[in-house]
Amino acid sequence: MKKILITIGVLMTMSFNTPENKTNWELYQAISDVEDYIEWLNEDLFQGNITEEYHEVMLENYQETLQHLLKVNRDIIHLTQN
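So for the sequence shown, the working numbering puts the first residue at 327; every next one is plus one.
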């Protein structure tokens with residue numbers, strides 16, 4: 327029984343660790359990270375830790391980065407569906 331469970335575990339690990347799944351996970355993590363950065367940036371502005379000018383510049387940069395990541399995500403989804 328133990329050998330069967332170990333074998334199933336190994337096979338599941340191998341199937342879930344394909345390059346495509348790793349790339350998807352890394353992309354989703356990057357998107358989540360940028361969304362967190364935007365949230366923290368807004369909180370820093372609210373608490374007075376940064377100036378409005380700095381906030382505007384950084385927010386624009388983060389939003390641009392987020393748009394690029396979302397486009398890559400859409401492209402990957404489109405490629406995998408065809």
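Errors might be hidden in some of the hints.
Pair ranges (Cβ atoms, derived) [unchecked claim]:
| hint | residue 1 | residue 2 | range |
| --- | --- | --- | --- |
| 1 | GLN407 | GLU365 | 39 to 45 Å |
| 2 | ASP359 | HIS381 | 40 to 46 Å |
| 3 | VAL383 | LEU353 | 23 to 29 Å |
| 4 | GLU390 | GLN355 | 27 to 33 Å |
| 5 | GLY374 | ARG400 | 17 to 23 Å |
| 6 | THR406 | TYR380 | 37 to 43 Å |
| 7 | HIS394 | GLU365 | 16 to 22 Å |
| 8 | GLU365 | ASN399 | 16 to 22 Å |
| 9 | HIS394 | ASN368 | 32 to 38 Å |
| 10 | VAL383 | ASP359 | 14 to 20 Å |
| 11 | ARG400 | TYR380 | 38 to 44 Å |
| 12 | ASP370 | LEU405 | 35 to 41 Å |
What the hints contain is simulated information worked out from the structure, not anything from laboratory work.
Note that beta-carbon positions come from the ideal geometry of N, C-alpha and C, so glycine has one too.
Hints and how they fare:
{"no.": "1", "hint": "GLN407 x GLU365: 39 to 45 Å", "result": "violated, 31 Å"}
{"no.": "2", "hint": "ASP359 x HIS381: 40 to 46 Å", "result": "violated, 18 Å"}
{"no.": "3", "hint": "VAL383 x LEU353: 23 to 29 Å", "result": "holds, 25 Å"}
{"no.": "4", "hint": "GLU390 x GLN355: 27 to 33 Å", "result": "violated, 19 Å"}
{"no.": "5", "hint": "GLY374 x ARG400: 17 to 23 Å", "result": "violated, 37 Å"}
{"no.": "6", "hint": "THR406 x TYR380: 37 to 43 Å", "result": "holds, 39 Å"}
{"no.": "7", "hint": "HIS394 x GLU365: 16 to 22 Å", "result": "holds, 19 Å"}
{"no.": "8", "hint": "GLU365 x ASN399: 16 to 22 Å", "result": "holds, 19 Å"}
{"no.": "9", "hint": "HIS394 x ASN368: 32 to 38 Å", "result": "violated, 20 Å"}
{"no.": "10", "hint": "VAL383 x ASP359: 14 to 20 Å", "result": "holds, 19 Å"}
{"no.": "11", "hint": "ARG400 x TYR380: 38 to 44 Å", "result": "violated, 30 Å"}
{"no.": "12", "hint": "ASP370 x LEU405: 35 to 41 Å", "result": "holds, 37 Å"}
The structure does not agree with the numbered hints 1, 2, 4, 5, 9 and 11 stated previously, though it agrees with the rest.
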